[in-house]
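The chain contents come next:
2 protein chains.
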Amino acid sequence: LSDDAPARPDVPAAIDESIAAVEPPDPSWAARAAARQGRLTMPAGSLGRLLDLGRQLAAIQRTERPCGHPALVAVFAADHGVAEAGVSAYPSEVTGQMVANYLRGGAAVNVLARRVGADVRVVDLGIARRPDGLGAHDAFLERPIGPGTRNFLRGPAMTRAQAFEAVRVGLDLADLWAGRDGYRVLALGEMGIGNTTAAAALIAALTGAPAVAVVGRGTGVDDRGYRRKCAAVADALERHGADVVDVWDWLSRVGGFEILGLAGLALGASRRRALVVLDGLISGAAGLIAARLCPAATGSMVAAHLGPEPGHRVVLDAMGLAPLLDLGLRLGEGTGATLALPLIASAADLLRDMATFDSAGVSGPVGPQTE
Amino acid sequence: LSDDAPARPDVPAAIDESIAAVEPPDPSWAARAAARQGRLTMPAGSLGRLLDLGRQLAAIQRTERPCGHPALVAVFAADHGVAEAGVSAYPSEVTGQMVANYLRGGAAVNVLARRVGADVRVVDLGIARRPDGLGAHDAFLERPIGPGTRNFLRGPAMTRAQAFEAVRVGLDLADLWAGRDGYRVLALGEMGIGNTTAAAALIAALTGAPAVAVVGRGTGVDDRGYRRKCAAVADALERHGADVVDVWDWLSRVGGFEILGLAGLALGASRRRALVVLDGLISGAAGLIAARLCPAATGSMVAAHLGPEPGHRVVLDAMGLAPLLDLGLRLGEGTGATLALPLIASAADLLRDMATFDSAGVSGPVGPQTE
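Chains A and B supply the protein sequences, listed in that same order.
Residue numbering for the first sequence follows my numbering, starting at 12 and increasing by one per position.
Residue numbering for the second sequence follows my numbering, starting at 12 and increasing by one per position.
So that you can see chain A by itself, here it is in the shape it has in the complex (with noise of 0.2 Å):
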């Protein structure tokens, strides 16, 4: 499958013109912004990736005073039917359990997003079992697709349809979170048993790494369980790979409810110029399977970090992402995503907040310096 094999004619006409309402971030922008940082009262270049960021999120905004919050992170969860292949330490059930437990607030993404002021979101793209009380709630959002997908290692995940509907779920909460809401950044968190399984397939399958680069412990796996997930991946590349004819073949054959509902939603907020925050290895194949449905929507995201599951330098790699973070963390959930949202915060107060050389009247450099 080459990357511009053109897909089926049977995507819809709303994905189309969503993908194709995509702007690449606008470089006169982050140059303005570039010459500002130069003013302000530091060594120039010395913060580093703070500065990079800067420049990132003014060539989004248009502005070269761009704003670094308010920040929502999407917690999207489903179910996998590869679970039944024994590749996952938890039981299926542990979705929807997860799922509660963001609702009352003792997760951990719900602890960090509440340190650094940030909302957090949950969606239900397919839930296979939904503990009791589990429902109306203001921050829980129903949107299933079905009750999980089905085992890739026997057919197809879900149908094309399927597929098309988890994208477009994405791109309409990102018209309402970018759009109605605000929110200037999203953060994307998921949950998901077997989740790290299909995500490695799908990074597999669209960078042509081999089963075993992209392949970890995910949520633990003792060495039985791990020769089960890298078993499991290689059969689904070889069974599928024949007879796929375009990405959304993929997509629908080794993805995710809650991944695709990702990439739709990377995708919509890279329209609505809003920043696209990548946590691990799972969030990250959402932002490549955005990038390769919307090259132009690469330039809206960034990689809050680095994890220990070998997919995740893999995909950051094809998206030509640095990641901000490397705490070895491999939770998943919008964990990393979140602890990075500071950081981004802090690259757009420094150009909107900081003195420059001359407002504070404090002395340049006293020659010619390397930079």
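Simulated from the structure, these hints should not be mistaken for laboratory data.
Be careful, since some hints might not be right.
Stated by the list, open to error - Pairwise CB distance ranges, derived in the manner of DEER restraints:
id, chain 1, residue 1, chain 2, residue 2, range
1, B, G190, A, S39, 49 to 55 Å
2, A, R76, B, G128, 49 to 55 Å
3, A, D257, B, A224, 53 to 59 Å
4, A, R235, B, E34, 43 to 49 Å
5, A, H148, B, R125, 31 to 37 Å
6, B, G128, A, D233, 41 to 47 Å
7, B, V256, A, G56, 39 to 45 Å
8, B, R235, A, G372, 37 to 43 Å
9, B, V377, A, E249, 24 to 30 Å
10, A, H148, B, A147, 50 to 56 Å
Every value quoted in this text rests on a predicted model; they were computed, and no experiment measured them.
Even glycine gets a Cβ: it sits at the ideal position worked out from N, Cα and C.
Based on the hints, put chain B in the right spot on chain A.
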């Protein structure tokens, strides 16, 4: 000079007593925190360095539910006689000008501290040229040891009495801030034109590293300035090395008032069971001094980041500290330490506020698993 060379008997009793009062973090509390982390609703170990930080805070504070805030960013400022040797890109007058900028809230550290809810205090340990109008301000403490150090290429930077006094200022301020005011986290910042040269000389003297391994571009000196800076550090080590009898001798001969003040602050904070957050090269040198004077203090320190100054890696390795961030920061003034504060606060929040598997009704792993 061996590590355990006895100090001459002129060290003030108050300093000796403060050093003797420092207790290392208690590993039994780290173990209790680790047990609690294992019950929280996430795969075991999946938040990497944040879990290490949580256990460190638990061991420092002697509780399994530590608190990672409030935090104070302490910016110690002083001038350096060696600046007259052309080792910096900026003139010495910038030290006082930047202090005025801090007090108006226009510098990078102010912007970053506001974002993370940290307070900033600025201490004059020996600013050579104070701009008009610099004076009474709630956030400004005047504790000058002298009008900057003398040029250590011509003789000792300061007397031993001044070295003791600078450390004493830091010890006293730790009592004020970590004692009376209740700050649990102290971030070490500094301002002083020429201070990367003094810090490099201190690091080389205390670790045995050669000048070329610890000298960098600082605020951005050009090639000629860089060669002058390397020569200055090498000359100082050669000139003073023969006469040095103890660590305090090195501190007085090539130190700086703000660096020794920060070393005292680190010692005092350790004594008060506050976490000490090291920033860049200069605060790293201060941390190393504290660690050499009192090895038990090292357990209270965390390295916020690793910057491009070559001596930064040397000093962190000498203390066995792994940096949290790697963002190409080389500004100083506490900026990197401030950026790490949300990670620290979050590490404690997780232990205090996350649900456990039991309390949240979330199923555990399906069988024996690797961690």
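- Message: I want to verify a distance hint. Is the separation of the beta carbons of R235(A) and E34(B) within 43 to 49 Å?
- Response: Hint holds: Cβ distance 46 Å, inside 43 to 49 Å.
- Task: State, for the Cβ atoms of R235(B) and G372(A), whether the hinted interval 37 to 43 Å holds or is violated.
- Result: Check failed, 28 Å falls outside 37 to 43 Å.
- Task: Could you tell me whether the CB distance from R76(A) to G128(B) stays inside 49 to 55 Å?
- Result: Between R76(A) and G128(B), where Cβ atoms are some 22 Å apart, the hint is violated.
- Message: Tell me if the beta carbons of V377(B) and E249(A) are separated by a distance inside 24 to 30 Å.
- Response: holds, 27 Å
- Mind checking the hinted window 41 to 47 Å against the Cβ distance between G128(B) and D233(A)? For D233(A) against G128(B), whose Cβ atoms are near 42 Å apart, the range 41 to 47 Å holds.
- Item | Cβ distance range 53 to 59 Å for D257(A) and A224(B), holds or violated | At roughly 55 Å between Cβ atoms, A224(B) and D257(A) fall inside 53 to 59 Å, so the hint holds.
- Query: Holds or violated: 31 to 37 Å for the Cβ distance of H148(A) and R125(B)?
  - Reply: holds, 33 Å
- Starting from the hint 49 to 55 Å, judge whether the C-beta atoms of G190(B) and S39(A) obey it. holds, 53 Å
- Task: Take a look at whether the Cβ-Cβ distance between H148(A) and A147(B) falls inside 50 to 56 Å.
- Result: Taking Cβ atoms as reference, H148(A) and A147(B) lie about 52 Å apart, which means the hint holds.
- Message: Just to be sure I understand the hint, the distance between the Cβ atoms of V256(B) and G56(A) should be within 39 to 45 Å; is that true here?
- Response: Given about 42 Å between the Cβ atoms, the range holds.
Hints 2 and 8 from the list above are not met by this structure, while the remaining hints are.
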